[in-house]
Every structure is written in C-alpha cells, then in structure tokens.
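Going down the list, the protein sequences come from chains H and X. Position 111, counted from 1, in the first sequence is what the numbering used here calls 111; the numbers after and before it change by one each time, with no gaps. Position 102, counted from 1, in the second sequence is what the numbering used here calls 102; the numbers after and before it change by one each time, with no gaps.
Rather than coming from a laboratory, the hints here were simulated on the basis of the structure. On a predicted model such as this, the values are computed, not experimentally measured, just so you know. Among these hints, one or two may not hold up.
A short list of chain H residues far from chain X (calculated; beta carbon distances all over 10 Å) [unchecked claim]:
no. : residue
1   : Val4
2   : Gly28
3   : Gly51
4   : Gly71
5   : Thr76
Taking CB as the label site, the calculated pair distances span [to be verified]:
no. : chain 1 : residue 1 : chain 2 : residue 2 : range
6   : X       : Asn59     : H       : Gly51     : 25 to 35 Å
7   : X       : Ala79     : H       : Asp18     : 23 to 33 Å
8   : X       : Gln22     : H       : Asp18     : 13 to 23 Å
9   : X       : Phe52     : H       : Gln41     : 25 to 35 Å
10  : X       : Phe52     : H       : Lys17     : 40 to 50 Å
11  : H       : Arg114    : X       : Ile13     : 22 to 32 Å
12  : H       : Arg114    : X       : Ser10     : 36 to 46 Å
13  : H       : Ser5      : X       : Glu5      : 31 to 41 Å
14  : X       : Ser58     : H       : Asn52     : 37 to 47 Å
15  : H       : Ser53     : X       : Asn18     : 42 to 52 Å
We put the CB at the ideal spot given by N, CA and C, even for glycine.
Letter by letter, the chains look like this.
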Amino acid sequence: GAGVSQSPSNKVTEKGKDVELRCDPISGHTALYWYRQSLGQGLEFLIYFQGNSAPDKSGLPSDRFSAERTGGSVSTLTIQRTQQEDSAVYLCASSPQTSGGPRQETQYFGPGTRLLVL
Amino acid sequence: KNQVEQSPQSLIILEGKNCTLQCNYTVSPFSNLRWYKQDTGRGPVSLTIMTFSENTKSNGRYTATLDADTKQSSLHITASQLSDSASYICVVRGNQGGKLIFGQGTELSVKP
Chain H
1 GAGVSQSPSN
11 KVTEKGKDVE
21 LRCDPISGHT
31 ALYWYRQSLG
41 QGLEFLIYFQ
51 GNSAPDKSGL
61 PSDRFSAERT
71 GGSVSTLTIQ
81 RTQQEDSAVY
91 LCASSPQTSG
101 GPRQETQYFG
111 PGTRLLVL
Chain X
1 KNQVEQSPQS
11 LIILEGKNCT
21 LQCNYTVSPF
31 SNLRWYKQDT
41 GRGPVSLTIM
51 TFSENTKSNG
61 RYTATLDADT
71 KQSSLHITAS
81 QLSDSASYIC
91 VVRGNQGGKL
101 IFGQGTELSV
111 KP
C-alpha cells in the first residue's frame, strides 16, 4: 500500500523567498507530524495535527513557520522569508492515532524534503 | 542535556560481525521506547517498540533490550549485513499521547 509521500523531494531556494512543502499521509491516519532534521542532528519536532483538534505548534521555531492540514488529510508546511539556517530535511510522519497503545502510535515517515536555502 | 542520549555516535564494523548500540534516557514518566532505522536519504522506519514491562524484543537480526530501572536500552545487530549501514535512532515517548523525544542517532557503517 501507499506510504507517506512528500513533495518536492528537493528544494533549492534563495534567502528571503517563501517555500511550501507538502505531505500526503497514509490514508486513514488521523495524526500527522512535521519534523526537521539538520545535518548531524536528531529529529526536531515542529508541529502535529490530531483529527479535528487544534494543532500542537509548540515546536515551530519562529513565526515564519506555519502549517495547515486540509480535510484531515494533506498537510502543507510553509516557511516564509527563508533563512540559510532553515536548510534541513523536513520529514512528515503519520500514525493511526496518538493513543491506544504503541502500535497505534507508530509513526510512519515519508522520505523527506531536502531544503537548501542559498 | 538531551533527554535521550545515544552511543556511540558512529560505528564501523565488518560484515558478519555483531554490534550493540546504546540508548540512555532521562524521560519520565516513560511510556514506550522505539528503535528506528534511517537509511541515507530516506525517512526513519520502525524496528522495535517496547513498553516499560518488556525487557527484550526481536525483529529478525535486531534485538532490543530495555531496563526501565536504569533507563537504558540497547539494540543488538547479529551477523551484520551491508544493508544494515544506516542511522539507528532511539525514540522515547514520555507518557501516553505525549511527544516523541528523539536521540541523535548512531551512524553504523558495515564494511565488506
């Protein structure tokens, strides 16, 4: 079956430009997560959506970052006025739910979008 | 200080050899611990999941152990293969429905 997909796979942009990264979660998964992975660093939580609940935005590093999830499915992460330090791999993950046992909470990751800000 | 610390940072072994990766965590209360494998250029893939009551869990040549008292976990890889070359990430969930806390990973390289 189809896994989590992300697009674009690679994005090169100039400093100051806005970028949009897209995530298509596994069908039926209610929870969706965005992470950032910088070179040599662990995954950094950015934001997560659970069903119709208000998203947990506590990991967003600045107000230049925002995300939305339309119709409980596809999600878009937007970075405005990109800076060089935004260069990283942006990973999206989805899970069936966020409670109900570890197997229901298992996150399935997409391949990531590699963002390079020049 | 990271709440999930992994060691070593990187490791090189010869094909066919065994190795053990370590994960120490301070996250409390603890719900479950996972090991993920991340191939270069790919997203992480779950290998094992353990709750506080489980001491060991196997997935093929991968065996994870957990000591909830000392807050330590290990991932043992038996008879390594070239395809085991990847980053191995230890991930801890603090409580039911809480966020995942990721270690920085151990970069394993298996040489022929």
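Against the structure, the hints come out as follows:
no., hint, result
1, Val4, "violated, 7 Å"
2, Gly28, "holds, 18 Å"
3, Gly51, "holds, 12 Å"
4, Gly71, "holds, 23 Å"
5, Thr76, "holds, 18 Å"
6, X/Asn59 to H/Gly51: 25 to 35 Å, "holds, 30 Å"
7, X/Ala79 to H/Asp18: 23 to 33 Å, "violated, 49 Å"
8, X/Gln22 to H/Asp18: 13 to 23 Å, "violated, 42 Å"
9, X/Phe52 to H/Gln41: 25 to 35 Å, "holds, 28 Å"
10, X/Phe52 to H/Lys17: 40 to 50 Å, "holds, 46 Å"
11, H/Arg114 to X/Ile13: 22 to 32 Å, "holds, 28 Å"
12, H/Arg114 to X/Ser10: 36 to 46 Å, "violated, 21 Å"
13, H/Ser5 to X/Glu5: 31 to 41 Å, "holds, 32 Å"
14, X/Ser58 to H/Asn52: 37 to 47 Å, "holds, 38 Å"
15, H/Ser53 to X/Asn18: 42 to 52 Å, "holds, 44 Å"
Consistency with the previously given hints fails for numbers 1, 7, 8, 12, ordered from lowest to highest.
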